[in-house]
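A.B. asks: Below are the chains, spelled out letter by letter.
2 protein chains.
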Amino acid sequence: MPDRIKIFGDQRSGNCLKVKWTADFVGRTSEWIDVLAGSGATQDPAFLAINPAAQVPVVILPDGRALAQSNAILLFLAEGTKLVPSDHYERARMWEWMFWEQYSHEPSIAVRRWQLSYLNIPVDQIDPSLLVRGNRALTIMEARLGQTNWFAGAGFSCADIALLAYTRMAGEGGFVLIRASVIGSNGQRVF
Amino acid sequence: MPDRIKIFGDQRSGNCLKVKWTADFVGRTSEWIDVLAGSGATQDPAFLAINPAAQVPVVILPDGRALAQSNAILLFLAEGTKLVPSDHYERARMWEWMFWEQYSHEPSIAVRRWQLSYLNIPVDQIDPSLLVRGNRALTIMEARLGQTNWFAGAGFSCADIALLAYTRMAGEGGFVLIRASVIGSNGQRVF
Chain A
88 MPDRIKIFGD
98 QRSGNCLKVK
108 WTADFVGRTS
118 EWIDVLAGSG
128 ATQDPAFLAI
138 NPAAQVPVVI
148 LPDGRALAQS
158 NAILLFLAEG
168 TKLVPSDHYE
178 RARMWEWMFW
188 EQYSHEPSIA
198 VRRWQLSYLN
208 IPVDQIDPSL
218 LVRGNRALTI
228 MEARLGQTNW
238 FAGAGFSCAD
248 IALLAYTRMA
258 GEGGFVLIRA
268 SVIGSNGQRV
278 F
Chain B
88 MPDRIKIFGD
98 QRSGNCLKVK
108 WTADFVGRTS
118 EWIDVLAGSG
128 ATQDPAFLAI
138 NPAAQVPVVI
148 LPDGRALAQS
158 NAILLFLAEG
168 TKLVPSDHYE
178 RARMWEWMFW
188 EQYSHEPSIA
198 VRRWQLSYLN
208 IPVDQIDPSL
218 LVRGNRALTI
228 MEARLGQTNW
238 FAGAGFSCAD
248 IALLAYTRMA
258 GEGGFVLIRA
268 SVIGSNGQRV
278 F
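In the order they appear, the protein sequences are chains A and B. Its first residue numbered 88, the first sequence is counted upward by one per residue in the working numbering. Its first residue numbered 88, the second sequence is counted upward by one per residue in the working numbering.
Hints in this document: simulated from the structure, not taken from any laboratory. Hints may be right or wrong, so weigh each one.
Said to hold, decoys possible - Computed from the model, here is a short list of chain A residues facing chain B with C-beta under 10 Å: (1) Phe112; (2) Phe134; (3) Arg152; (4) Phe186.
Said to hold, decoys possible - Covered by chain B, according to a simulated footprint, are these stretches of chain A (three or more residues, beta-carbon under 8 Å): (5) 188 to 199; (6) 223 to 233; (7) 241 to 254.
Just so you know, even glycine gets a beta-carbon here, dropped at the ideal spot from N, CA and C.
Isolated chain A, as found in the complex (with noise of 0.2 Å):
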């Protein structure tokens, strides 16, 4: 298959698995390649040489060049398709739901579930402001689904694929999906 890329991620990551759910959804073929986050893999010097910042996903294209950023490889593998609105400004909202996921959404609700489910830190020992800022997050994404069903422009974008991922794990974390808009700042449900 000379368009296959190679996908070095772990399958605990939703920034890793929203690459392979948009290589799927695309129709790009690829192979996937584990590195388990956390266990020193993505410092080891074969790993840097693909990607510095020792952060998995990162997909090998077929002439070898490297990307990585889970939200900048699925702005690359949906380009031209229906998964990136043709006009200026919806994608361009587009674009700002996958900049606020990266920077509102997964530093709470991906770490809080990280630190839970998988190094399996006490709850009363996690910073209890991830789960107010993580809740600030879900009640963000309602309000807006509760206005269009989609994040960004008419249809399905890469910045519903990008939200999907971690939202879908937050239960992991802690985090009651059902009528998030009742929970208040504190955390706690409001009745």
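Following the hints, put chain B in place on chain A, whose structure we already have.
C.D. replies: Showing chain B alone in chain A's frame:
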């Protein structure tokens, strides 16, 4: 000026300034409206109606629509200009550096700068991991700029603007910019 945009921003914020710099560079007329971060102004209902994420910068387009997230605004303003590489892979590398900036650079360098120089928190009360992670980010940048003059593509792009924003202010966060590569992972100079 029918194409004039409004920029709601804080002049102390690299994220806000990079939007202004990009507007200026591409010749887009803009009006700056001060919104002080940390003042509660972003929690005002009128502001939340513009950006439910309660963050600056936000721009208002001539037709009244809003757009948030600094790097999404950069991509919006720069589309079709020489700030965006025409090659698909180089454009993706630009996105890669821009997502990396928001995930791995800003949360350590900008946050430590804010705490040290604006909140006046004593240095021994600041999370020591901010210095370690910020120096790691600076080291990755230096390695890249040892190979090429620009982060992505053959010339100046949005990635350079995004990374300039807080790097130029890193000194206010206690980071030593000269020869960052000789600073070890513990944040101390290695000679």
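A.B. asks: Each of the hints needs a verdict: does it hold here or not?
C.D. replies: Consistency of the hints with the structure:
no., hint, in the structure
1, Phe112, "violated, 17 Å"
2, Phe134, "violated, 14 Å"
3, Arg152, "holds, 6 Å"
4, Phe186, "holds, 4 Å"
5, 188 to 199, "holds (count 5)"
6, 223 to 233, "holds (count 3)"
7, 241 to 254, "violated (count 0)"
Of the numbered hints given earlier, the model fails hints 1, 2, 7; all others are met.
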